[in-house]
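Peer 1: Its first residue numbered 2, the sequence shown is counted upward by one per residue in my numbering.
By construction, these hints were calculated from the structure, which means they are not laboratory data.
For every residue, glycine included, the Cβ atom is placed at its ideal position computed from N, Cα and C.
Fair warning: there could be bad hints in the mix.
[What the hints assert, rightly or not] Label pairs and their computed distance ranges (CB to CB): (1) W203 / P140: 36 to 42 Å; (2) A251 / S144: 31 to 37 Å; (3) L128 / K57: 31 to 37 Å; (4) A214 / L55: 33 to 39 Å; (5) P140 / R116: 43 to 49 Å; (6) L5 / W266: 27 to 33 Å; (7) R116 / L66: 33 to 39 Å; (8) M2 / M263: 24 to 30 Å.
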Amino acid sequence: MENLRGAALMTAAMLGFAIEDMFIKLMAGALPLWQIVLCLGLGGATVFGFICRLQKAPLWPRAALSGPVVLRNLGELVGSVGFITALALTPISSASAILQATPLMVTLGAALFLREPVGWRRWSAILAGFFGVMLVIRPGGESFDAMSLFAVQGVIGLAIRDLATRRVPPQTSSMQLSFLAFVTLVPAAGVLALAGGAPPVWPGAGTWAMLGAAIAFGVLSYYAIVAAMRIGEVSFVTPFRYSRIVFALAIGFVVFGERPDMLTWVGAVLIVASGLYTLIREQRLRRRA
Numbered sequence: 002m003e004n005l006r007g008a009a010l011m012t013a014a015m016l017g018f019a020i021e022d023m024f025i026k027l028m029a030g031a032l033p034l035w036q037i038v039l040c041l042g043l044g045g046a047t048v049f050g051f052i053c054r055l056q057k058a059p060l061w062p063r064a065a066l067s068g069p070v071v072l073r074n075l076g077e078l079v080g081s082v083g084f085i086t087a088l089a090l091t092p093i094s095s096a097s098a099i100l101q102a103t104p105l106m107v108t109l110g111a112a113l114f115l116r117e118p119v120g121w122r123r124w125s126a127i128l129a130g131f132f133g134v135m136l137v138i139r140p141g142g143e144s145f146d147a148m149s150l151f152a153v154q155g156v157i158g159l160a161i162r163d164l165a166t167r168r169v170p171p172q173t174s175s176m177q178l179s180f181l182a183f184v185t186l187v188p189a190a191g192v193l194a195l196a197g198g199a200p201p202v203w204p205g206a207g208t209w210a211m212l213g214a215a216i217a218f219g220v221l222s223y224y225a226i227v228a229a230m231r232i233g234e235v236s237f238v239t240p241f242r243y244s245r246i247v248f249a250l251a252i253g254f255v256v257f258g259e260r261p262d263m264l265t266w267v268g269a270v271l272i273v274a275s276g277l278y279t280l281i282r283e284q285r286l287r288r289r290a
């Protein structure tokens, strides 16, 4: 029963993140990209900062300037800006499909930089997953959209974030890390504003509502993930992360009228199947150890 509750919470979290992505894409036509990043950064920092104060945890822990935390924030910055840009400029279905390769990138990074052992089976799964990404992007083909590379940037940045998190001192809480990550988006938005030159736009009532909804769904989904991991077994709950691509495809179809072609479907299936196999394989090796 606990595992089923955990799986339900994880699925609900992925639905929440997909809805957050939908609002970000809808806002892309009303606000410049840097302003969306700024609002999400300020909103997330405010919520997680408030939670830290409720928990009587300092907003700026001693580890805030340590190498792993700085690298984690840098990865969050690169990944979030990349994925938000991809959502704004490319179909939500393809951007979300590419994002599912993040666990594979984490496994690759752990093997290359953290010297974690990876056998030939997981190497094969990593290669199959990246081949799936190539099917979605199709570099050099007639349907190639260079903007889809921003989703790849998102995968690389979020993988750096997850790898760096493994080296963060344990006394630094998840809420503190989330606050610091969202704060990092604020100066990043300033750099994007200077680089792009787009003037700020005062949001209308509908855009304010979408901003609030995006922040709310993002925070609630984060809480649901934490609760899911605490309630159920990690090996049972984690695969339900891939339900996000199902919700993204449904939202793309219903809200944005997207119709992914056959190669995109095949690529998405390859990415998810490779990620699931890698996850199951890692869990089996941990049990043996």
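Peer 1: Mind listing which of the numbered hints don't hold for this structure, in increasing order?
Peer 2: 2, 3, 4, 5, 7, 8
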